[in-house]
Structures are given as structure tokens and as C-alpha cells.
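Peer 1: Here are the chains, one letter per residue:
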Amino acid sequence: DAGITQSPRHKVTETGTPVTLRCHQTENHRYMYWYRQDPGHGLRLIHYSYGVKDTDKGEVSDGYSVSRSKTEDFLLTLESATSSQTSVYFCAISEWDVGQPYEQYFGPGTRLTVT
Amino acid sequence: LAKTTQPISMDSYEGQEVNITCSHNNIATNDYITWYQQFPSQGPRFIIQGYKTKVTNEVASLFIPADRKSSTLSLPRVSLSDTAVYYCLVGVNQGGKLIFGQGTELSVKP
Numbered sequence: 168d169a170g171i172t173q174s175p176r177h178k179v180t181e182t183g184t185p186v187t188l189r190c191h192q193t194e195n196h197r198y199m200y201w202y203r204q205d206p207g208h209g210l211r212l213i214h215y216s217y218g219v220k221d222t223d224k225g226e227v228s229d230g231y232s233v234s235r236s237k238t239e240d241f242l243l244t245l246e247s248a249t250s251s252q253t254s255v256y257f258c259a260i261s262e263w264d265v266g267q268p269y270e271q272y273f274g275p276g277t278r279l280t281v282t
Numbered sequence: 053l054a055k056t057t058q059p060i061s062m063d064s065y066e067g068q069e070v071n072i073t074c075s076h077n078n079i080a081t082n083d084y085i086t087w088y089q090q091f092p093s094q095g096p097r098f099i100i101q102g103y104k105t106k107v108t109n110e111v112a113s114l115f116i117p118a119d120r121k122s123s124t125l126s127l128p129r130v131s132l133s134d135t136a137v138y139y140c141l142v143g144v145n146q147g148g149k150l151i152f153g154q155g156t157e158l159s160v161k162p
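Chains as they are written, first to last, in my numbering: chain A, 168 to 282; chain B, 53 to 162.
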């Protein structure tokens, strides 16, 4: 299995508090991604990174920010958590080149509950 | 990215062959077709990928007709452990733009 860890694995927090989720990889892959998964919606891309300090928005980025100061770490921050952000969050990594389809490797997920 | 359509759910029995068809009418010339598998409480896992005709690996086969507007994932002799959600994706992983649809929830019964 690809070397991807997520922390914490479970978190309960209150509405309005900031929350940071961490994704750590040991594969030295250039691309890192954050997804959320909710019943009835499948996986939806929140943000992704294509290098240190290079990030871009996905399809559901409102209320989230990301940072990547090192190749191996990608942080997802919920600036002020809301109940609608209760979800399972998955980190993924991959390589990529123009025209080349690379598989994404997923982490174990973080279950976040906002009360 | 091309939109995909696949059945929401399928049932099967152990030992049977399961075929899951995905429709992708707007597939582009340089798009690849990729299938992922997801078990409960785990992240998705890559199964197979192809561009045209047939691809086979130790887990599954992928059949792609000449017009490439659909594809079929074939799982030979399924077991209970194949119970999972299967996602069909079309694209070239354009720097993160993988779009996961609803997937097909496969239930394998004894």
C-alpha cells in the first residue's frame, strides 16, 4: 500500500471552531488531493496541490483552505466548522504528466463530526 | 471531463461472473477509462485502466468497444469479499480533475 497517513482518524468538534486535518505521504508524489465523501454524493474534490505551495480549488472548496509547505504534507483547514462539513475526508496522492493517466492512491480517511 | 452513467446497485451470488457497464457518450479522444473499488470505511483503490479493446489483470477485465462510448468491468467468479462500490471514471487525470460519480454498489450473496 502507498505510504499515506491521515490524522486524526476521527474528530468531533463544535460549530464555529477551526479544524485542521493532516495528510502525510512517504512516496514523494507531486500531486496531493483532498476529497470529502457523503451519502448520495460519492467523492467530491475539495482542493488539490501540484507542488509545494501550489494549490488549486476543486468542486466544493467553499469553507476550506489548504496549505502545502513540504512535499510530504498537505493540510486541510476548515476555517469555521459547520454541521454541513460533517463528512469523511480522504486524502489521495498521484503523479501526473500531460496525457498520462496515473492512478490515485487514497489514505484511510478521517471521520469528522461537527456538532 | 466526460460524464459517466452506471447502475446504482447490482446483486450477485458467489462464484458468478459480474459485469458492470458504464456509459460515457462524451468521451474525448485522449481520455482513458479507469475503475476504482471502494470497501466500506476505506478509500477507493485502483482496479484497472484501459484505452480501447480489452485489458485484463489479476483482478478484473475491462472491455471497451470500438466507439468507446461505454465500457464493461468484468469480475470473474466473485466472492463475498468483492462486495464494494465500483466507480467508473473517464479522463486523463488532468492534474487532479478526477470526477467520481455515484458508483455501483455491488452486493455479493452466499
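Keep in mind the hints are simulated off the structure, nothing from the lab.
These numbers come from a predicted model, not from an experiment.
Treat the hints with care, since some could be wrong.
As the list claims (entries may be wrong) - What the simulated footprint calls covered on chain A by chain B, stretch by stretch (three residues with Cβ under 8 Å from a Cβ of chain B suffice, anywhere in the stretch; the number is not a length):
hint, stretch
1, 209-223
2, 232-239
As the list claims (entries may be wrong) - Some chain B residues near chain A, calculated using beta-carbon distances under 10 Å:
hint, residue
3, Ser61
4, Met62
5, Gly153
6, Gln154
Unchecked claim - Restraint-style ranges between C-beta atoms, simulated for each label pair:
hint, chain 1, residue 1, chain 2, residue 2, range
7, A, Thr193, B, Ala80, 29 to 37 Å
8, A, Thr180, B, Ser93, 41 to 49 Å
9, A, Gly218, B, Arg129, 20 to 28 Å
Here a beta-carbon is modelled for each residue, glycine too, at the ideal position from N, C-alpha and C.
Peer 1: Give a verdict on every hint.
Peer 2: Going down the list of hints, with the structure as the test:
1. 209-223: That given contact holds, which follows from 7 residues of the stretch 209-223 of chain A lying within Cβ reach (below 8 Å) of chain B.
2. 232-239: violated (count 0)
3. Ser61: violated, 13 Å
4. Met62: Nearest chain A Cβ about 16 Å off; hint violated.
5. Gly153: Holds, about 6 Å.
6. Gln154: holds, 5 Å
7. A:Thr193 x B:Ala80: 29 to 37 Å: At roughly 34 Å between Cβ atoms, alanine 80 of chain B and threonine 193 of chain A fall inside 29 to 37 Å, so the hint holds.
8. A:Thr180 x B:Ser93: 41 to 49 Å: violated, 20 Å
9. A:Gly218 x B:Arg129: 20 to 28 Å: violated, 43 Å
When each numbered hint is compared with the structure, violations occur for hints 2, 3, 4, 8, 9.
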